[in-house]
Amino acid sequence: MAIYTAGYEGLSIDAFIARLKQAQIDKVLDVREYPLSRKPGFSKKAFAQCLADAGIAYEHSPPLGCP
32 MAIYTAGYEG LSIDAFIARL KQAQIDKVLD VREYPLSRKP GFSKKAFAQC LADAGIAYEH
92 SPPLGCP
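Residues are numbered in this note's numbering as their position in the sequence shown, beginning at 1, plus a constant of 31.
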């Protein structure tokens with residue numbers, strides 16, 4: 032299993048998902064303590080749904096992020 036990091040600054044949700052698909056990513060592990068964003072599509076509920084619609088699994092796991 033390979034693990035990659037990804038940031039979404041400067042990207043729309045569609046562009047971010049396109050990059051994930053191009054890299055053949057099949058699961059996103061969200062390590063943000065508070066999975067909120069002012070950017071449309073990047074808050075937890077919307078993000079999880081957008082990823083699911085693209086066939087990418089989503090899991091929120093804050094303990095794996097920065098304390």
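For the record, the hints were derived by calculation from the structure and aren't laboratory data. One thing to keep in mind: the hints can contain errors.
Capping the alpha-carbon separation at 27 angstroms, the derived lysine-lysine pairs in DSSO-like fashion look like this [unchecked claim]:
| hint | residue 1 | residue 2 |
| --- | --- | --- |
| 1 | K58 | K70 |
| 2 | K75 | K52 |
| 3 | K76 | K52 |
| 4 | K70 | K52 |
Okay, the hints, checked on the actual structure:
{"no.": "1", "hint": "K58 x K70", "verdict": "21 angstroms, holds"}
{"no.": "2", "hint": "K75 x K52", "verdict": "19 angstroms, holds"}
{"no.": "3", "hint": "K76 x K52", "verdict": "20 angstroms, holds"}
{"no.": "4", "hint": "K70 x K52", "verdict": "20 angstroms, holds"}
Consistency note: the structure conflicts with none of the earlier hints.
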